[in-house]
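If you're matching them up, the sequences are chains W and V in order. Quick note: the first sequence uses my numbering, first residue 1, plus one each step. Quick note: the second sequence uses my numbering, first residue 1001, plus one each step.
Note that these hints are calculated values from the structure, not bench results. Cβ atoms here follow ideal geometry from the backbone N, Cα and C, with glycine treated the same way. Don't take every hint at face value.
As the list claims (entries may be wrong) - With a Cα cut of at most 27 Å, we get these calculated DSSO-like pairs of lysine-lysine: (1) W:Lys57 / V:Lys1099; (2) V:Lys1109 / V:Lys1049; (3) V:Lys1109 / V:Lys1061; (4) V:Lys1049 / W:Lys57; (5) V:Lys1061 / W:Lys71; (6) V:Lys1061 / V:Lys1071; (7) V:Lys1099 / V:Lys1049; (8) V:Lys1069 / V:Lys1099.
Claimed, not checked - To spell it out: a stretch of chain V is covered by chain W in this simulated footprint if at least three of its residues, at any positions, have a beta carbon under 8 Å from a beta carbon of chain W; those stretches are: (9) 1043-1051; (10) 1099-1110.
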Amino acid sequence: DTGVSQDPRHKITKRGQNVTFRCDPISEHNRLYWYRQTLGQGPEFLTYFQNEAQLEKSRLLSDRFSAERPKGSFSTLEIQRTEQGDSAMYLCASSLGGEGGLRVFGPGTRLTVL
Amino acid sequence: AQSVSQHNHHVILSEAASLELGCNYSYGGTVNLFWYVQYPGQHLQLLLKYFSGDPLVKGIKGFEAEFIKSKFSFNLRKPSVQWSDTAEYFCAVGPGTYKYIFGTGTRLKVLA
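Excised from the complex, chain W in its bound form (with noise of 0.2 Å):
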C-alpha cells in the first residue's frame, strides 16, 4: 500500500483517559503533518515535523497534545487528559520537502471522548 495510512480509525474514550494514534507515511516523504477537523470546518494544522525533527507546533496543540516521529518514518499524536472539545477527526497527511510536496492525506482518526 503506496498511501498514507492511520490507527485507529475510530477511538471511543472516556474523559480523562489518554489517547494515542499512529500515522504512517508514505515512505519516501520526509514531511509528516498532523490536522485536526471538526464538523463543518475543514482541516486546521496541529504540527509539522521535517524527518525526525518538529518544526512547528499550532496554538491549538494544548499543552495536553504531544507528537512524536522518533525515526522520521512513522508518528504518533498522544492526547493526555481528553476533554470532550478534543472530539474530532485527526487527519495525517506527509509530503515531500519544498514548495512542490503535495501532501497525501491519511484516511483520519475519529476521536469521539464521551
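With chain W's structure known, arrange chain V on it following the hints.
Frame of chain W; chain V shown alone:
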C-alpha cells in the same frame, strides 16, 4: 491573520448544471493555492493546484480554477457536473511551504 473563506456551505445542483464554488483568502504575500475534494467515506484528495504561471489551472475530472490575484480569489468551476461529483470541496492556501490554511468546505450534492 491569514484566513480562507468559502462562501457557499451547501450547494445543490442537478446533473449537467454548471458549478462555481467561491474561495477568497487573506494574505498579502505569495501563496500556493489548492482545491481538495473529499468524496463520501474517502480521504481528502488533491483536485488541482496553483503555484505560479497561467492563472487558469486545470485539474482532474474536468475541474478548473482561476486565480485572480487582485481579488484574492481562487474559484473552482466545472461546466457540467455529474452525480459522482457529490462531495465536500475544500479550498486551501499555503502561505509557506508547510502550513496550509483550509476553508470551511462546501458540500456539493448533485441530483441525478
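Check of the stretch 1099-1110 of chain V against chain W for coverage (Cβ-Cβ below 8 Å, three residues minimum): holds (count 7)
CA of lysine 1109 of chain V to CA of lysine 1049 of chain V, is that 27 Å or under?
23 Å, holds
ask   = Would the pair lysine 1109 of chain V and lysine 1061 of chain V pass a check requiring their Cα atoms to be no farther apart than 27 Å?
value = 16 Å, holds
Next item on the list: Count the residues of the stretch 1043-1051 of chain V whose CB lies closer than 8 Å to any CB of chain W, then report whether that count reaches three.
Entry: holds (count 6)
Lysine 1069 of chain V and lysine 1099 of chain V: Cα distance at most 27 Å? 20 Å, holds
Does lysine 1099 of chain V sit within 27 Å of lysine 57 of chain W, going by the straight-line distance between their CA atoms? 10 Å, holds
Are lysine 1061 of chain V and lysine 71 of chain W close enough, with their CA atoms no more than 27 Å apart?
Judged against 27 Å, a Cα distance of about 38 Å means the pair is violated.
Given the hint that lysine 1061 of chain V pairs with lysine 1071 of chain V, test it: the Cα-Cα distance must not exceed 27 Å. 26 Å, holds
Problem - Restraint status (C-alpha distance of lysine 1099 of chain V to lysine 1049 of chain V at most 27 Å) - result: 15 Å, holds
Is the hinted pair lysine 1049 of chain V and lysine 57 of chain W satisfied, with a Cα-Cα distance of at most 27 Å? Measuring from Cα to Cα gives roughly 25 Å; hence the hint holds.
Hint check: a violation occurs at hint 5 only; the rest are consistent with the structure.
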